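*Asks:* Chains as they are written, first to last, in this note's numbering: chain F, 1015 to 1166; chain R, 1015 to 1166; chain S, 1015 to 1166; chain P, 1015 to 1166.
If you're looking for bench data, these hints aren't it; they were derived computationally from the structure.
The structure displayed is predicted, hence computed values, not measured ones.
Every clue listed holds true.
As the list makes no split between identical chains, a pair holds if one copy fits it or if it spans any two.
In silico SDA-like cross-links for lysine to any residue, where the CA-CA straight-line distance does not exceed 25 angstroms: (1) Lys1128 to Ala1074; (2) Lys1092 to Val1146; (3) Lys1092 to Ala1039; (4) Lys1092 to Thr1140; (5) Lys1092 to Gly1144; (6) Lys1128 to Arg1147; (7) Lys1092 to Val1077; (8) Lys1092 to Ser1137; (9) Lys1081 to Ser1095; (10) Lys1092 to Glu1106; (11) Lys1081 to Thr1141; (12) Lys1155 to His1122; (13) Lys1128 to Glu1145; (14) Lys1081 to Glu1059; (15) Lys1128 to Asp1100; (16) Lys1081 to Leu1102; (17) Lys1155 to Asp1100; (18) Lys1081 to Gly1144; (19) Lys1081 to Arg1098; (20) Lys1081 to Asp1100; (21) Lys1081 to Leu1103; (22) Lys1155 to Glu1078; (23) Lys1092 to Glu1145; (24) Lys1081 to Leu1142.
4 protein chains.
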Amino acid sequence: MSLHAHKLHPPTDRRPRYTHRQRVAYVDTDAAQVVHHSTYLRYFEVARIEFLRTHGFDYAAWVEREKLGLPVAENWVKYRSPARFDELLEVETWVAYGSRAFLRWEYHVRRDGKLLTEGFTVSPCTTLGGEVRRVPIELLKACLGEAYTDPS
Amino acid sequence: MSLHAHKLHPPTDRRPRYTHRQRVAYVDTDAAQVVHHSTYLRYFEVARIEFLRTHGFDYAAWVEREKLGLPVAENWVKYRSPARFDELLEVETWVAYGSRAFLRWEYHVRRDGKLLTEGFTVSPCTTLGGEVRRVPIELLKACLGEAYTDPS
Amino acid sequence: MSLHAHKLHPPTDRRPRYTHRQRVAYVDTDAAQVVHHSTYLRYFEVARIEFLRTHGFDYAAWVEREKLGLPVAENWVKYRSPARFDELLEVETWVAYGSRAFLRWEYHVRRDGKLLTEGFTVSPCTTLGGEVRRVPIELLKACLGEAYTDPS
Amino acid sequence: MSLHAHKLHPPTDRRPRYTHRQRVAYVDTDAAQVVHHSTYLRYFEVARIEFLRTHGFDYAAWVEREKLGLPVAENWVKYRSPARFDELLEVETWVAYGSRAFLRWEYHVRRDGKLLTEGFTVSPCTTLGGEVRRVPIELLKACLGEAYTDPS
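Given these sequences and hints, build the entire structure.
*Replies:* Written out as structure tokens, the structure is:
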């Protein structure tokens, strides 16, 4: 992946998106009275699973059936402004890049429209033992929607 | 288990004990600027594993070899006084009761000798699928030491 | 509190209740492929805050305004049956006992009607510095509803 | 920060380093039976605080005294190979870049010499209210050691 991967930019095409409403729990905060930075990786994970469900892909059932998974191989987060206990956040996510090799989700966390945090995660498709497999076409289609193009 | 189980009292006999030194991490705290109450169950778990290691029982190797485990089936915690970021706590643990049916660990968390938190956890021995098995004699001996008496 | 406090029994009167729908996140699980026992304290906390919101008490706003809080001073959990990734749980909660001294929430976690986990938490009302205050009447009324009786 | 920031390379000069021995707790794992990716941000945080302590800077006392902090404003993690329950990891950390504007820690997580995970975190110095302040000279000196050069 090129270094440009760092440059987050919401896609202008009509690829699938999903916005998860996330209430900040007390346990998510730390002694600075803001959401602990590691918590956002939890929020991203929840949003990713719900993105898949919304777009017709039941991740848990697929893991169970195919003995495959989408582990996080890389991530990056930029924390712009803190969130606090009980705030209702919006975690928007979409797949910015998808191929037979990996999927790259991007995330925008907002409160009342203000961007608080952004980030990406990169996931290959692997067996439960960790061996890399090709990303299934059905998964690519669910993630990319109209932005999907036949890899052949 | 009788309701008296609630009454924690350090054993007066010479059964095995272990004191784990636990530094409070920033992520362990919450917006009240104290250690979040759920964190103590993490501390107890770490102390329990180290108790076993110290007394000659390698829990991870046993799980791997025997496909058994010691899940927590019940716990209780009393929070007397809060702990804060970067404090060095002492988590003392011992097995207050052990039989072929279950083990009951008790815990005292102290800072500079002051009791902050106490609690217990109850663990049966189960297969990874959750079926109950008898607690192995070798495990009972490791946990009870001189307090062990032949169950026959 | 008497030892009978251990005996959980859903109230038969019409006191306020709340059932929080809780989806199990991947991060909530552990290597036994079930929800880690400490996670239930997180679920209880979320359900407790939502119970209050549903019954007209905005906890976060109250903390901010009054500089008071409801820390957990004691809890107990009984784990009957495990929950797994992506399951949709129901966390029912109610205040089994409330006075000017403390509130005691009880919890039933169910999946498709089956009771998986039950527990209680006890919370006094304290200042942010930890000094005990009397539980406000407005809070007692929100928690107890028709079961509230004037303490005088 | 330039995009080259992504290119982790252990410094060849004699700047301060610290290696934290981190035992994997059971709660650190997930249903894939490996350490959950969010856990590494916890490990990094602990290593960072211990790095500072080892090099003469008591972070908790400084926060308390100066009402300042070093929040994480950005991080990146690359997960190369998984870690499992009870493994003893080595988390090596050093400050790859430090100025009056921010500190950039880098991390290598190894097991028996094998690199499992690497990453960086970027921290400005801020007030507890979130206002940016200049990184104190004493902190820069502790972090950079012989690599420190007078900014004037």
